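Peer 1: As a plain string of letters, each chain reads:
2 protein chains.
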Amino acid sequence: MKKNIWLLCALLSISLQAQENKDKAFINRIYDTALSDSNSYDWLNHLSNQIGGRLSGSIQAEQAVDYTFKVIEDLNLDKVWKQDITVPKWVRGTPEFAYMELSPGATTNIPILALGGSVATPSLGIKAELIEVSSLDELKALGKKAVSGKIVFFNRPMDPKMINTFSAYSKAVDQRSKGAAEAAKYGAVGVIVRSMNLRLDDFPHTGGMSYGDLPDSMKIPAAAVSTNHANFLSTTLALNPSLKFYFKQNCRTLADVPSHNVIGEIKGSEFPEEIIVVGGHLDSWDVGDGAHDDGAGCVQSMAVLEILKKLNYNPKRTIRVVMFMNEENGLRGGTAYASRANELGERHIFALESDSGGFTPRGFSFDATTENMTQIMEWKTYFEPYMAHSFTKGGSGADIGPLKKEGIVLAGLRPDSQRYFDHHHAATDTFDAVNKRELDMGAAAMTALVYLFDRYGIETTEIK
Amino acid sequence: MKKNIWLLCALLSISLQAQENKDKAFINRIYDTALSDSNSYDWLNHLSNQIGGRLSGSIQAEQAVDYTFKVIEDLNLDKVWKQDITVPKWVRGTPEFAYMELSPGATTNIPILALGGSVATPSLGIKAELIEVSSLDELKALGKKAVSGKIVFFNRPMDPKMINTFSAYSKAVDQRSKGAAEAAKYGAVGVIVRSMNLRLDDFPHTGGMSYGDLPDSMKIPAAAVSTNHANFLSTTLALNPSLKFYFKQNCRTLADVPSHNVIGEIKGSEFPEEIIVVGGHLDSWDVGDGAHDDGAGCVQSMAVLEILKKLNYNPKRTIRVVMFMNEENGLRGGTAYASRANELGERHIFALESDSGGFTPRGFSFDATTENMTQIMEWKTYFEPYMAHSFTKGGSGADIGPLKKEGIVLAGLRPDSQRYFDHHHAATDTFDAVNKRELDMGAAAMTALVYLFDRYGIETTEIK
Numbered sequence: 001m002k003k004n005i006w007l008l009c010a011l012l013s014i015s016l017q018a019q020e021n022k023d024k025a026f027i028n029r030i031y032d033t034a035l036s037d038s039n040s041y042d043w044l045n046h047l048s049n050q051i052g053g054r055l056s057g058s059i060q061a062e063q064a065v066d067y068t069f070k071v072i073e074d075l076n077l078d079k080v081w082k083q084d085i086t087v088p089k090w091v092r093g094t095p096e097f098a099y100m101e102l103s104p105g106a107t108t109n110i111p112i113l114a115l116g117g118s119v120a121t122p123s124l125g126i127k128a129e130l131i132e133v134s135s136l137d138e139l140k141a142l143g144k145k146a147v148s149g150k151i152v153f154f155n156r157p158m159d160p161k162m163i164n165t166f167s168a169y170s171k172a173v174d175q176r177s178k179g180a181a182e183a184a185k186y187g188a189v190g191v192i193v194r195s196m197n198l199r200l201d202d203f204p205h206t207g208g209m210s211y212g213d214l215p216d217s218m219k220i221p222a223a224a225v226s227t228n229h230a231n232f233l234s235t236t237l238a239l240n241p242s243l244k245f246y247f248k249q250n251c252r253t254l255a256d257v258p259s260h261n262v263i264g265e266i267k268g269s270e271f272p273e274e275i276i277v278v279g280g281h282l283d284s285w286d287v288g289d290g291a292h293d294d295g296a297g298c299v300q301s302m303a304v305l306e307i308l309k310k311l312n313y314n315p316k317r318t319i320r321v322v323m324f325m326n327e328e329n330g331l332r333g334g335t336a337y338a339s340r341a342n343e344l345g346e347r348h349i350f351a352l353e354s355d356s357g358g359f360t361p362r363g364f365s366f367d368a369t370t371e372n373m374t375q376i377m378e379w380k381t382y383f384e385p386y387m388a389h390s391f392t393k394g395g396s397g398a399d400i401g402p403l404k405k406e407g408i409v410l411a412g413l414r415p416d417s418q419r420y421f422d423h424h425h426a427a428t429d430t431f432d433a434v435n436k437r438e439l440d441m442g443a444a445a446m447t448a449l450v451y452l453f454d455r456y457g458i459e460t461t462e463i464k
Numbered sequence: 001m002k003k004n005i006w007l008l009c010a011l012l013s014i015s016l017q018a019q020e021n022k023d024k025a026f027i028n029r030i031y032d033t034a035l036s037d038s039n040s041y042d043w044l045n046h047l048s049n050q051i052g053g054r055l056s057g058s059i060q061a062e063q064a065v066d067y068t069f070k071v072i073e074d075l076n077l078d079k080v081w082k083q084d085i086t087v088p089k090w091v092r093g094t095p096e097f098a099y100m101e102l103s104p105g106a107t108t109n110i111p112i113l114a115l116g117g118s119v120a121t122p123s124l125g126i127k128a129e130l131i132e133v134s135s136l137d138e139l140k141a142l143g144k145k146a147v148s149g150k151i152v153f154f155n156r157p158m159d160p161k162m163i164n165t166f167s168a169y170s171k172a173v174d175q176r177s178k179g180a181a182e183a184a185k186y187g188a189v190g191v192i193v194r195s196m197n198l199r200l201d202d203f204p205h206t207g208g209m210s211y212g213d214l215p216d217s218m219k220i221p222a223a224a225v226s227t228n229h230a231n232f233l234s235t236t237l238a239l240n241p242s243l244k245f246y247f248k249q250n251c252r253t254l255a256d257v258p259s260h261n262v263i264g265e266i267k268g269s270e271f272p273e274e275i276i277v278v279g280g281h282l283d284s285w286d287v288g289d290g291a292h293d294d295g296a297g298c299v300q301s302m303a304v305l306e307i308l309k310k311l312n313y314n315p316k317r318t319i320r321v322v323m324f325m326n327e328e329n330g331l332r333g334g335t336a337y338a339s340r341a342n343e344l345g346e347r348h349i350f351a352l353e354s355d356s357g358g359f360t361p362r363g364f365s366f367d368a369t370t371e372n373m374t375q376i377m378e379w380k381t382y383f384e385p386y387m388a389h390s391f392t393k394g395g396s397g398a399d400i401g402p403l404k405k406e407g408i409v410l411a412g413l414r415p416d417s418q419r420y421f422d423h424h425h426a427a428t429d430t431f432d433a434v435n436k437r438e439l440d441m442g443a444a445a446m447t448a449l450v451y452l453f454d455r456y457g458i459e460t461t462e463i464k
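Going down the list, the protein sequences come from chains A and B. Following the working numbering, the numbering of the first sequence begins with 1 at its first residue and continues without gaps. Following the working numbering, the numbering of the second sequence begins with 1 at its first residue and continues without gaps.
Just so you know, these hints were derived from the structure itself, not from any lab. Please read all numbers here as calculations on a predicted model, not as lab measurements. One should not assume that every hint holds.
The list treats identical chains as interchangeable, and a pair is accepted whether it falls inside one copy or across any two copies.
Calculated lysine-lysine pairs in the DSS-like style (CA-CA distance at most 25 Å, straight line) [said to hold, decoys possible]:
hint, residue 1, residue 2
1, Lys79, Lys393
2, Lys380, Lys161
3, Lys316, Lys127
4, Lys161, Lys310
5, Lys24, Lys89
6, Lys171, Lys393
7, Lys393, Lys24
8, Lys161, Lys22
9, Lys24, Lys309
10, Lys393, Lys380
11, Lys405, Lys267
12, Lys24, Lys171
13, Lys219, Lys178
14, Lys405, Lys171
15, Lys309, Lys161
Chain A with its partners taken away, still in its complex shape (with noise of 0.2 Å):
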C-alpha cells in the first residue's frame, strides 16, 4: 500500500512536471511569434498616423472603432461585433492662446491646452494676476481674500524620487482634476495648471478633469502649462507678484453622440461560459496620436488573439478581446462593457488591461483575493525568462474596474514606467516614441497570462 502512494506520488509529480514543461514550452513559442510574426507594430502605425488622436465623439474615434474591426474581423475569430454605447463629446475648438504681462504690451507668449471638460473662457479671455499654489490644501489655507478675482497656478511637480511613475502621477494629478472646483469656490477666476510630466519640456499635458457638482454659474476654464513654462513663469512672478495672465480658449461640451466598443472572441471548448477579456481603450485625447496610451494597449490586446490563433490554440475558455471607448472621459464604454454583461449573466473569470503604455513589460498587477494571488504567484517562474515576473497586488485597468466582483481577477500590464509621462496626454505621444520590441514583449507577456488563465482557470468558491 506504501508502495502504491509512493508510486502514485511519483507519477503525479512526473506529470507534473511535463504538465509545466508544456507550458514553457508553449509560452516560448507566444514570445516567438510576438517578436518575429505579430502585426501589432503595423496595426499601431495605422491607428497614429493615419487615424491619429482619437477623443471620444470624434469622427477618428469612429475611424479607430471601424478600422480595429475589421482587423479582428481578418483573425478569423468565432465571433465579432461592436456595442452600441453613447459617449460624451468635448470638443476642444479653436486652439488655445495665452500670454505673460509684466506690464501692459510687455507681453510673452505661453503655449497652454485646455484641460479636457473645462469651459471656455469669456470670448474675449480672462486677463487676471497669477496666484501660485502648490495644493488643494495651500489654495484652501489662502483662502477667498487671496484668491478672489484671480487665475490659481497649481505649480506642484511630480515626485522625482518616486521610482513608479505612476505612483508620483496619482500624487500631483489632483491639482489637474480637482483644481479648478476647488479655485471656483474661492473666487478665481481661472486655473492654469503645471503639466503631469517629470521631464522638463516645452509641451503641455491636457487630461480630464471634473468640476463635482458646481452649478455651471461657477464654473471656470483651466488649462495645463508645459514643466518648462510652468518653472518660467513661477520664477517670474516671484520677481513681479503682480505680472498679469491672459488666456482664451473655447473649447465646450456638446450633447452626447453614439459610439462602439469594439468586441471579439474565441469560444471556449471546454468552458465557454467562463470568459477572459483582454484590453485596451481605443479613444485618446486629441493632440498627439493616442500612440502609448492607449494606441499601445488595443493592438497588443488584439495581438493576444492573433498569437493564439497563429499557434492554433483551441482555448478551453472563451477569450474576449475588447477595445473600450471613452476611458478618457467618461469610461463609458467599460462602465456599458460590465452592465450589458451583468444583464447577459456572462461568468467573466479573468479580465486584463494594458493602458500603462507600449514600454518594456516588467510584469502585472493584480487586483485578486489572496487566494487567487497564490495561485498566480505560482506562474511568476514562467515569466523569468522574460523578465517580466514583477508580479503584484494592486489596481488593474480603469476600463476592466466595471467588471469587479467576486469570482473575478483583474490585472493590468506593468510596463517599465519611465518614460510614459513624457508623452502622456501630450502632442509627444507619437508613433516613433513606440520601439516595437517593447510592444511586442508586452503582448506576448499578455497572451501568456491569458494562455495560463485559460489553461487552469481561478480557483474559487462556486459562485451562481
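Fit chain B to the known structure of chain A by using the hints.
Peer 2: Frame of chain A, contents of chain B only:
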C-alpha cells in the same frame, strides 16, 4: 554559558539588522539624490551636443578628455589626472557613396557607412556583382569560384526571438567583424554587411572590424547598409541576380596619436590601497553623438562620485572613476590602465563598467568567483525596491576586462536592452534618445553597488 551564547547571537542579529537598515536607508538617499539632484544629464547634453561623435584620435575625443577632466575636477575629489596613452587614428574621409545598378544607367543610391578599420576602395570605387550569404560558413561552402571578383553581401539579421538583444548581437556580429577578412580569402573585392540593428530603418550602423593577419595587399573594403536597404538589396537581387553594386569610400588608418584616460579618485579612509573602479568609455564612433555608447556610461560613472560627495560619504576604500579612451577600435585605454595598475602594484578589488546604454537599469552581470557571487547575491534585496535586482553571472565590460585577475570582481550595468541597437554605432545615437530618469536610475544603481563593495570589500583568500 549557553545563556551567554544566546545573548551574543541575539545582539549580533540585532546589530546585523541595524546595519542592514542603515544600508537600505543610505541606498534610498543615493536614489533620491540621483533622481532629484544629479548633473549627469546636463553633462551628457554637453558631450553629445557640444562635442558630438568622439572617435579615437579626433579633436572631439580630446575635447571630451578636457571636458570630463574639468567636470571631475569640480567634484572636489582627492586626485584627478590624465593617463597618457596612444591610440589608433582611423578616419572616415569624405562621405561614402554607393548605388545598386540593375542595368547601365539604371541606378538607385544606397546609403552606406564604412566599417571602422576598413581600407578605402580604389579612388574610382568598386563595381561588381553581389553575392548574398547569411554566414561565414555559407561563404566557405560557396568557395572561391562563386565568390571571386564579387562583392559579398552578408545579410543574416539579428535574431528577433532572443530576449536579450546583446545575445542576438553576439550571434550576428561575426559578419561585421570578420566578414571582410574571410571574404578576401575567397577573392571577393568588397564586403557589404547588414547593419547590426533589430529595427527596420534607413540608418547604416558602423562598428569595428579586423583583417586578422591578412597582408595589406589582400585587404578589401567593407561597409554597412541599413536593415531596410539590406532587405531591399536582397529582394532585388533575388529578382536580378546579375545586378551590380558600386561603392566608394576613402577611409584610412593614419599613424597612432597621443590621447588620454581621464581618472579621478576619492581616497579610502580605512583601506586606501583597495581600489574600486567605476567607468565608461569616452570615445565613440564618428556618426551620431555617442550619447548611449558610451556618453551615458561616462556621465553615470562621474555621477557615482558626484552622488557620494553630495551625501558626504567618506569611503573606506579608494573609489576611482575612469573614463577610458579607445574602447571602440583598439581598447588601448583599458589595456593601458590595467598595465599601469600592475606596474604600480595597485590592488583593485572591484571594477564596474556601464557600456550598454543609458536605459532603465535591470541589474548587473558579474564576472566573479562562486564565493564572491554568494556574497553579492545577498545584496540583491537592496535593489528590489528599484527593480534593478537582476543579478547574473556573466560578462562585465570591455575596458575593465584587462583588470581581470584573482581577487577582483568585475561587473557590468545591465540596462533594458530592447532599444539599444536602434542607436548603436549609428546617426541615431543622439541625446534625445536618452531619458533623464533612466540615466539617473542607472547612476543610482551603480552608486549603490559601489557603496556596498566599499562597505564590505570582497571575501577572498589573501593574495599578495
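Peer 1: Hint by hint, which ones does the structure fall short of?
Peer 2: 1, 3, 5, 14
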